[in-house]
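All chains, full assembly: derive it from the sequences and hints.
Respectively, the protein sequence lines represent chains G and L.
Residue numbers 61 to 597, in the working numbering, belong to the letters of the first sequence in order.
Residue numbers -15 to 316, in the working numbering, belong to the letters of the second sequence in order.
Calculated from the structure, these hints are not laboratory results.
Warning: the hint list may mix true and false statements.
If you only want the chain L side, here are some residues facing chain G, beta carbon under 10 Å, derived [claimed, not checked]:
| id | residue |
| --- | --- |
| 1 | D(-3) |
| 2 | L14 |
| 3 | R21 |
| 4 | G59 |
| 5 | M63 |
| 6 | G135 |
| 7 | R136 |
| 8 | A265 |
Built from N, CA and C at the ideal position, the CB exists for glycine as well.
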Amino acid sequence: MITAIEIENFKGIGQRQRIELRPITLLFGPNSAGKSTILHAMHYAREVLDRHNLDADRTISGGEFVDLGGFRAFVHNHNLDLPIKLAFEMRRTDGGPLFGQVGQWQAYETEEGAVAERLANNANTCAVEITVSWSHWLKRPFVAGYAVSVDEQPLVRIEAAPDKAGAKLAGLNLKHPIFGASDENEEDGRDDEASHVEAIWRAGLLENTKDESSRVIPLDQPDALPGFGDEELRIPYDELWRRGLDSVDGLGPMTLLARINLLSWMVVGPGRRLRQELERFRYLGPLRRTPPRDYQPPRFPDPSRWACGLGAWDRLVEQGPEFAEEVNKWLVGREEMDCGYRVNVISVAELPSDNPLSAALRTGGGADLENSAELMSRLPTRACATLTKEAGGIELLPHDIGVGLSQVIPVIVTALDRDVSFASVEQPELHLHPKGQAALGDVFIAGALAPGGPRNQMIIETHSEHLILRLVRRIRETTRGQPFHGTPVAPGDLGVCYVYSDVGETTVIVMEINAQGEFLRPWPDTFFSQDFFERTA
Amino acid sequence: MLCEFALTPQLFDDQRNSGDPNWKEHLRELGRSMFPRNAASPVVVSDLYDSSWQHVFKETVEAIKDEAAKDLARGFLSMILDATVMRPAIGNWPADEDDWAQEAIATNGVEPLKRIVVTDQTYRVVQHQGAVAVKLSQVGRPACWQDILAGRSLPLDIAVQVAALRSMLIHADFIALISPHVRGERGDETDFMVALTRSLAKCNWPRPNLIVDLHVEAPDRTAASDFESRWKNVLANVRTTFAPVRPMVNRIRVFAWPKVLSRYIFGGRVADVNGAILPAATRWAISTPHIARTGDRPDADAPFWHLLPSNEITPLHSKYYDRTPIRGPIDI
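Quick look at the structure:
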């Protein structure tokens, strides 16, 4: 999971700001303070990694709600001399490897495999930092840097110049513990993995100039990296063979290739992992559209439909009645939203008026009615979502119910969807009664923390006092040994960030919470005292 | 500066105040003045009898039958709970309002309070306390709020400035001075902090912690080869100046920042952070353009000190405790 984001020179954020992401992270703060900037940074990172779209305006995950306007618009203070830096910290959470396998070479019991094994399975955290700058030469943004740290120690760094002269390996930390190297080993001259990687480095196979500080790094699968010129990064196999692979410190060609692959994988693996995380990022915008009366989900999922809420309806219909029942537990439960409506996913067959079956039904009999099963099977069907009013059982379309309910159903779907893993929601409380706003806290707990649940990581931008009070109440109840629905909520499960603008600079303060559900620091504004001021005025 | 009030829980008892048709309006007046909307609250509230007061207060509020009054009192409750400071028990368990008033009088003898607010029926118990005693029906009078301000001018006299801060910081687990003029040298602001530390260390009830933090400006030219030796000199001077009060407190720490332009004094609470007791939150903060130094003329223009509102405190705390200083924190 992504455990922290660091943002520098992006929109209102100038100085580097760190936002720690917990299973549930709430972003609070005044209007226009920069809360959405944090989410926009995630949209942009996805564009950079996934589509190499450095000058992004519309984004794939932001849909119609996010228009970044291009680099000139989102670089801090519109200053084209500032580099935008986005860093993402990821942590192993499920016991699996931190990075996936890249090549078959890893399967061999080689020294390179051992290094890869340590990196994949022993490392607990990694961070990827991407630097995007403006090239006055090319008149467009370019990726100026890409750096990977593992277990909080720098591992590798690539840098590129603004004139598109190619990306260079600017740093490789051969003393990183994953190489198994230590100062003592170096002194002993032991033949460890670090010395082999160093051998590749020193052999000149990676260099294109005499200058040691500017060596081209040959990479396998450079497409996984954010927008460097691919040609410069590709492994120059022909060149390797031409120069003779066995000339490097007596290493065999396969060993040498494996080591170059290892180097490649150390660079590509973390970026690929981050890209995968961001590909599963779902964004639910602040104004959700209600499905039209003739709504039909698209045949192929469209990630950009999540921003306006329709993606959640698509997903609800796609998953069918069983998932709808999960949603209903939250919609109708007395201790939950208790809103009096159930959502249904039904399959509708459309019967044209000139269909023989239609005529048979009108006339009340005939041969066609006897073949009704077969005729029915030929009719086109479509799945759709309806709602049933609990009192009276009236079936309605989403357009026929209150706005609050149609706004909140996509929120519940997003929280409970097992295909999401990482979601952000703006103003989930929109148009909701306070009771419903509080119940949303439990929905997010179910989505993020419930044993056996989807374990989705949620980032919520909100102004709801009821939502935060419900969440801290669940922490307090957990401390008392009474977790709601058997789902414990620890203080570390909830992150609360207060975002404010200080002389035009967006600043983030982490509001830590103790086991009693109390904030350790005074709330920075009158958010919780507004009621008192109104009553005593 | 910050003042401490003792309130009897029965101020919020609708039965006890049933004879006062303006009871709710008096409560509103009290609330408006204690917690102004657009300024720092100048008041903290005594959590009397080892913090038992707040439990009785909560029970009293929840027992109110008039729903409108209960809503008002609940709002009061949430504001007051953020403003309480613990006062140790002195007398027997207070069974009624007269007993709570007596407990407040007793604790006033240990460490002075600014006001003891009681219902009109109990006023006779406290009236001999002079200006400290206030009955609920008087809280709308300007005299009740005289000298209770979130800001005031204080003469350049270390003893006067320390005395003005004592009522606020006596309840703090940590105090901090942010100043560009703390070098441990004769005539700088180190003497003020030593005097403040000495005053607060003499607390009239047991206190588990007192951490003193000094956020100072690092010597200039940090890249210069002699930077470390100049920084060590600062530390040595501060260590020497604080030596007399060092045994009185748990820790004294020094942080060096690249540029310190303003002066602030913080007081707050500590928490266990990864096994170490460290400052967790600043509850009160003062901003001032000048701090008295040894040798200042007390008749010089008195600088204005003002208590910062909560919306400024947490960002300031974050600035000095969430970021990494050039050097420190270093225990001296």
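Tested hints:
1. D(-3): Violated, because the Cβ-Cβ distance from L/D(-3) to chain G comes to roughly 18 Å (cut-off 10 Å).
2. L14: Cβ of L/L14 sits 8 Å from chain G, so the hint holds.
3. R21: 5 Å, holds
4. G59: L/G59 check passes; min Cβ-Cβ to chain G is 4 Å, inside 10 Å.
5. M63: 5 Å, holds
6. G135: Status violated, d = 19 Å.
7. R136: 22 Å, violated
8. A265: 4 Å, holds
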